[in-house]
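Enquirer: Protein chains in written order, with the UniProt record's numbering: chain A, 1 to 618; chain B, 1 to 207; chain C, 1 to 107.
In case anyone wonders, no lab produced these hints; they're calculated from the structure.
It should be emphasised that the depicted structure is a prediction, and the values quoted were computed from it without experimental measurement.
A hint or two may mislead.
Stated by the list, open to error - Straight-line alpha carbon distances no greater than 20 Å define the calculated EDC-like cross-link-like pairs of lysine to aspartate or glutamate that follow:
(1) B/Lys25 x C/Glu81
(2) B/Lys99 x B/Glu15
(3) A/Lys600 x B/Glu5
(4) C/Lys16 x B/Asp59
(5) B/Lys19 x C/Glu81
(6) C/Lys78 x B/Glu23
(7) C/Lys20 x B/Glu23
(8) B/Lys169 x A/Asp495
(9) C/Lys24 x B/Glu16
(10) A/Lys600 x B/Asp6
(11) B/Lys99 x C/Asp13
(12) C/Lys24 x C/Glu81
(13) A/Lys600 x B/Glu23
Unchecked claim - Far from chain B by the CB rule (all over 10 Å, computed), these chain A residues:
(14) Ile78
(15) Leu108
(16) Asn124
(17) Asn172
(18) Asn179
(19) Leu205
(20) Val227
(21) Arg274
(22) Met300
(23) Asn330
(24) Leu520
(25) Val585
Cβ coordinates follow ideal geometry from the N, Cα and C atoms, glycine included.
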Amino acid sequence: MSNTIAQKKGFGATLWDYLTTVDHKKIAIMYLIGGGFFFILGGLEALAIRWQLIVPENDFVSAGFYNEILTMHGTTMIFLAAMPLIFALMNAVLPLQIGARDVAFPFLNSLGFWLFLFGGILLNCSWFLGGAPDAGWTAYAPLSTTSPGHGVDFYILGLQISGAGTLMGGINFLVTVINMRAPGMTYMRMPLFTWASFVTSALILFAFPALTVGLFLLMFDRLFGSVFFDANYGGNSVIWEHLFWIFGHPEVYILILPAFGVFSDVFSTFAKKRLFGYTAMVFATVLIGFLGFMVWAHHMFTVGLGPAANSIFAVATMAIAVPTGIKIFNWLFTLWGGSIRINSAMLWALGFIPSFTIGGMTGVMLAAAAADYQFHDTYFVVAHFHYVIVGGVVFGIFSGLHYWWPKMFGKILDEKLGKITFWTFFVGFHLTFFIQHFLGLMGMPRRYWVYLEDQGLDLGNSISTVGAFFMGVGALVFLYNVIYTSVKGEKVGGDPWDGRTLEWSIPSPPPHYNFAQAPLVRGLDPLWIEKTEGRKGMTPAEPLDDIHMPNNTILPFVMSVGLFIAGFGFIYQAEYTGGFIAMFVGMGITLGAMFTRSVKDDLGHHIHKEDLDKGAGM
Amino acid sequence: MSSHEDVLNPKVMPEEPEKATLEGKNKFLGFWFFLGGETVLFASLFGTYLALKGSTMDDNTSQNLFELPLVFIMTMLLLTSSLTSVYAMYHMKNNDFGKMQLWLGITVVLGLAFLGCELYEFYHYIHHYEFTFRSSAFGSAFYTLVGFHGGHVLFGLLWIVTLMVRNAKRGLNLYNAPKFYIASLYWHFIDVVWVFIFTVVYLMGVI
Amino acid sequence: MAENTNSVNNELDYHKKKKKEEMKQQVITFALMIVFTIIAFTMVEADLDKLFVIPILFILAIVQVAFQLYYFMHMSHKGHEMPSLMMYGGAAVAFLTVLTLLVLVWW
Numbered sequence: 001m002s003n004t005i006a007q008k009k010g011f012g013a014t015l016w017d018y019l020t021t022v023d024h025k026k027i028a029i030m031y032l033i034g035g036g037f038f039f040i041l042g043g044l045e046a047l048a049i050r051w052q053l054i055v056p057e058n059d060f061v062s063a064g065f066y067n068e069i070l071t072m073h074g075t076t077m078i079f080l081a082a083m084p085l086i087f088a089l090m091n092a093v094l095p096l097q098i099g100a101r102d103v104a105f106p107f108l109n110s111l112g113f114w115l116f117l118f119g120g121i122l123l124n125c126s127w128f129l130g131g132a133p134d135a136g137w138t139a140y141a142p143l144s145t146t147s148p149g150h151g152v153d154f155y156i157l158g159l160q161i162s163g164a165g166t167l168m169g170g171i172n173f174l175v176t177v178i179n180m181r182a183p184g185m186t187y188m189r190m191p192l193f194t195w196a197s198f199v200t201s202a203l204i205l206f207a208f209p210a211l212t213v214g215l216f217l218l219m220f221d222r223l224f225g226s227v228f229f230d231a232n233y234g235g236n237s238v239i240w241e242h243l244f245w246i247f248g249h250p251e252v253y254i255l256i257l258p259a260f261g262v263f264s265d266v267f268s269t270f271a272k273k274r275l276f277g278y279t280a281m282v283f284a285t286v287l288i289g290f291l292g293f294m295v296w297a298h299h300m301f302t303v304g305l306g307p308a309a310n311s312i313f314a315v316a317t318m319a320i321a322v323p324t325g326i327k328i329f330n331w332l333f334t335l336w337g338g339s340i341r342i343n344s345a346m347l348w349a350l351g352f353i354p355s356f357t358i359g360g361m362t363g364v365m366l367a368a369a370a371a372d373y374q375f376h377d378t379y380f381v382v383a384h385f386h387y388v389i390v391g392g393v394v395f396g397i398f399s400g401l402h403y404w405w406p407k408m409f410g411k412i413l414d415e416k417l418g419k420i421t422f423w424t425f426f427v428g429f430h431l432t433f434f435i436q437h438f439l440g441l442m443g444m445p446r447r448y449w450v451y452l453e454d455q456g457l458d459l460g461n462s463i464s465t466v467g468a469f470f471m472g473v474g475a476l477v478f479l480y481n482v483i484y485t486s487v488k489g490e491k492v493g494g495d496p497w498d499g500r501t502l503e504w505s506i507p508s509p510p511p512h513y514n515f516a517q518a519p520l521v522r523g524l525d526p527l528w529i530e531k532t533e534g535r536k537g538m539t540p541a542e543p544l545d546d547i548h549m550p551n552n553t554i555l556p557f558v559m560s561v562g563l564f565i566a567g568f569g570f571i572y573q574a575e576y577t578g579g580f581i582a583m584f585v586g587m588g589i590t591l592g593a594m595f596t597r598s599v600k601d602d603l604g605h606h607i608h609k610e611d612l613d614k615g616a617g618m
Numbered sequence: 001m002s003s004h005e006d007v008l009n010p011k012v013m014p015e016e017p018e019k020a021t022l023e024g025k026n027k028f029l030g031f032w033f034f035l036g037g038e039t040v041l042f043a044s045l046f047g048t049y050l051a052l053k054g055s056t057m058d059d060n061t062s063q064n065l066f067e068l069p070l071v072f073i074m075t076m077l078l079l080t081s082s083l084t085s086v087y088a089m090y091h092m093k094n095n096d097f098g099k100m101q102l103w104l105g106i107t108v109v110l111g112l113a114f115l116g117c118e119l120y121e122f123y124h125y126i127h128h129y130e131f132t133f134r135s136s137a138f139g140s141a142f143y144t145l146v147g148f149h150g151g152h153v154l155f156g157l158l159w160i161v162t163l164m165v166r167n168a169k170r171g172l173n174l175y176n177a178p179k180f181y182i183a184s185l186y187w188h189f190i191d192v193v194w195v196f197i198f199t200v201v202y203l204m205g206v207i
Numbered sequence: 001m002a003e004n005t006n007s008v009n010n011e012l013d014y015h016k017k018k019k020k021e022e023m024k025q026q027v028i029t030f031a032l033m034i035v036f037t038i039i040a041f042t043m044v045e046a047d048l049d050k051l052f053v054i055p056i057l058f059i060l061a062i063v064q065v066a067f068q069l070y071y072f073m074h075m076s077h078k079g080h081e082m083p084s085l086m087m088y089g090g091a092a093v094a095f096l097t098v099l100t101l102l103v104l105v106w107w
């Protein structure tokens, strides 16, 4: 088979290239676009929520519609914005950081992306088909089992499909890290972002099956007449809560750990220092992942599990503050005495430390089970989880995007616009959520669509809404920055930040085989080691030879389309014959594509060494 | 193209053909990890079942429904099919393709027999006892747990048959050896789950 | 060259023997599993005391599963460190899940 590197071509060919690609760098870009789209959507929903709450007893939206945007904001932001944006960063740099030419399962990688996208589209189709899900992003039964219309069905099927994609992504990155590292890249030489992604992938592997089962039970109850959560038939809705949080709590660590990894890399690059306490950082990451599985019931303190269970989960939750504290101090010590450069990426990282620390502290407060009876379901909780998820994950994503943008696209995002984004977003963020702590303490319950005036809640809510619009402006400036940079930005070389890790040793954007020759890794921060010894780049670990690469394929796209159709089929099978047919047609398409994948050999192709860019990957 | 052929069809088959190529190694590891995830999936189903075990709405309790002789036969069928797939892998490592296909064929037959028994069992419960997916939370949990396992058996059978038919003419090589190997891992895992099902659902159900 | 083929053949013979040895072990394992299953079923049929039977059923099941994993699925072989790690990880989460749904659902 011949060399099929993408040449200059028309729109149709480019589209086809992206539909069929198995290249992790292109998949990263697709994750970025998909996740970015849903981030904007979720942001608009957030603005609608805040606009409704700007004055007491507002009637900007109806109560029912408020429930829908509130549910969709949470669901979209967690599953369709944060997860894919994290996956975008992981796809873009993880293979580069370990000196790999590709991920372990390029096919599954592409399938994971398409499943996420079609799951997300399916979920959002609900807007146009009788109303979005309205049972909250946690979809507690029996609220979710009795919710009228098909909103919750879209939630179930949409998340089921995109969740399957996430699970595949997790397995893919686990195996990539274990099997695909360059010579000399031992586990304890991996950059922190790679480590964090590795642990995150393990969490995905163990957490998502619980969600899968929970969603199946809910689907059977709603669509096929089973009675898991129906007390009339001996069902029990607490099962849903457990299954949801057995998944749901690890999920927040799935989101935050890669962000921790980003900050670690950013701090050490821009402080020009080896990460302080690397071993402790790795240990803390693993420990957070481990403890992350033993704390889920702290979301359920008020369910009535009893004092023994509540105490156990309270103590386990507080214990997580220890490894997290280790991390915060190690970042501070990395900065201490470093030759610090402050740019946009660094600003996000610096802004993260105080923001996240506040979120962590309120976390410990919430972990105290007795006090939680007071905080539960108030805006205090809303403030807490936005401090960790926005102040941690979103800041991490922004930081990572600024840091790796030149690696992904060959251009540095405009610094001035970057700084404007940071300051508007940062100020807006604290304006929005800091006041919500106090609103919560004053007793304002979450998820209510109105509040009465003159109860001390008016001013706080107005301030919060103003802040939200600041965040919106910040996001818009970032969007403008992306367009501005891609039009006006200047091309930069492979190593614009004077980087330390392997991804900076190859051109930007990297050739599709990443490394012409696998690099020889001689320690932590391998590129920095070579630089300190006066070399320009990495020493190759192998002679120049033909490179084996996987073939493009449309099958992942077809499989996902099949499940998308089947998703509609499942939702409507009870009412329409068409739904019944769609269910079988969709599953048939997916199984047919799987069958094709199984019987058709896919041996990949070779790039001949004569065709490699000279000097690439050196 | 020729280089692929050479690499995938070596003169002497390596000791562990399923792990001789990087793709094979990746598949091997990735599939094991998938099984780690499946463990949690089935644990969630088992947990749900155990929580709802007592939620019977009528006389259709586990004590009244389950009949151990049939379960014993099903257990023997699946257990034996596990051994036959071990034999298949043994012959794969000896590069004896014909015998491998034979033993896989026996595995498939045993798996089909198991599925037949399970279908009969469900049919029996539904028509004889009117014990259905919808009649009680216990019913929902029972059919979901055992049905998920049955679904895994069905998928495993389709998978193994596809592999057997696809490779019937060309024999074993380093491209399909990992596929056969992980299909057999999947089959063993199905048996692992069944061990817990017959213990937790059936045996503890009639005590 | 001849010597080379010879040593390859010797090695093949050695491996063949080893595999045969292992196959024998696996048949023994299988026999044990059958025996365990029969014990489990007879114990239940014999209507023994509940508190006595249930722990033994569990132990038998776990031993059977260990046999399946370590002998039939070769987890005892070299190169299974990561699979073991992930299986034990999965088992730990599985244990917590089942335990929770057993004791923290009804009260």
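Enquirer: Give a verdict on every hint.
Expert: A quick look at each hint next to the structure:
Simply put, B/Lys25 and C/Glu81 have alpha-carbon atoms about 13 Å apart, close enough for the 20 Å limit, and the pair holds. With a C-alpha separation of about 18 Å, the suggested pair B/Lys99 and B/Glu15 falls inside the 20 Å cut-off, and the hint holds. Taken as a hint, the A/Lys600 and B/Glu5 pair is honoured in the structure, with Cα atoms around 15 Å apart against an allowance of 20 Å. Taken as a hint, the C/Lys16 and B/Asp59 pair is broken in the structure, with Cα atoms around 57 Å apart against an allowance of 20 Å.
Proposed proximity of B/Lys19 and C/Glu81 is supported: the alpha carbons are some 15 Å apart, at most 20 Å. With a C-alpha separation of about 19 Å, the suggested pairing of C/Lys78 with B/Glu23 holds against the 20 Å cut-off. For the given pair, C/Lys20 sits about 27 Å from B/Glu23 by alpha-carbon distance, which is inconsistent with the 20 Å threshold. Proximity of B/Lys169 to A/Asp495 is assessed by CA-CA distance (about 52 Å); at most 20 Å being required, the pair is judged violated.
Of the supplied pair hints, the one linking C/Lys24 and B/Glu16 holds, its CA atoms being roughly 19 Å apart against a limit of 20 Å. Among the hinted pairs, A/Lys600 with B/Asp6 is consistent with the structure: their alpha-carbon atoms are about 19 Å apart, no more than 20 Å. For the hint linking B/Lys99 to C/Asp13, the alpha-carbon distance of about 19 Å falls within 20 Å, and the restraint holds. For the hint linking C/Lys24 to C/Glu81, the alpha-carbon distance of about 24 Å lies beyond 20 Å, and the restraint is violated.
For the proposed pair A/Lys600 and B/Glu23, the alpha carbon gap of about 16 Å is at most 20 Å, so the pair holds. For A/Ile78, the condition that its CB be more than 10 Å from all CB atoms of chain B holds, with the nearest at approximately 20 Å. A cut-off of 10 Å between C-beta atoms contradicts the statement that A/Leu108 is not in contact with chain B; the least separation is 8 Å. Against chain B, the non-interface label of A/Asn124 holds: every CB pair exceeds 10 Å, the least being about 27 Å.
A/Asn172, annotated as away from the interface, has a beta carbon of chain B within 10 Å; the closest lies near 7 Å. With 10 Å as the threshold on Cβ separation, the claim that A/Asn179 sits away from chain B is violated: the shortest Cβ distance comes to roughly 6 Å. Against the 10 Å criterion, A/Leu205 falls within the reach of chain B, whose nearest CB is about 5 Å from its own CB. A/Val227, annotated as away from the interface, has a beta carbon of chain B within 10 Å; the closest lies near 5 Å.
Every CB of chain B is more than 10 Å from the CB of A/Arg274 (nearest about 31 Å), matching its label as outside the interface. Non-interface status of A/Met300 relative to chain B is upheld: no Cβ of that chain comes within 10 Å, the nearest being about 15 Å off. Distance check for A/Asn330 against chain B: the nearest CB is about 29 Å away, which clears 10 Å, and the non-interface claim stands. No beta-carbon of chain B is positioned within 10 Å of the beta-carbon of A/Leu520; the least distance is around 19 Å.
For A/Val585, the requirement that its beta carbon stay farther than 10 Å from each beta carbon of chain B is met, with the minimum near 18 Å.
Figure legend: structure checked against the earlier numbered hints; hints not met, in rising order: 4, 7, 8, 12, 15, 17, 18, 19 and 20.
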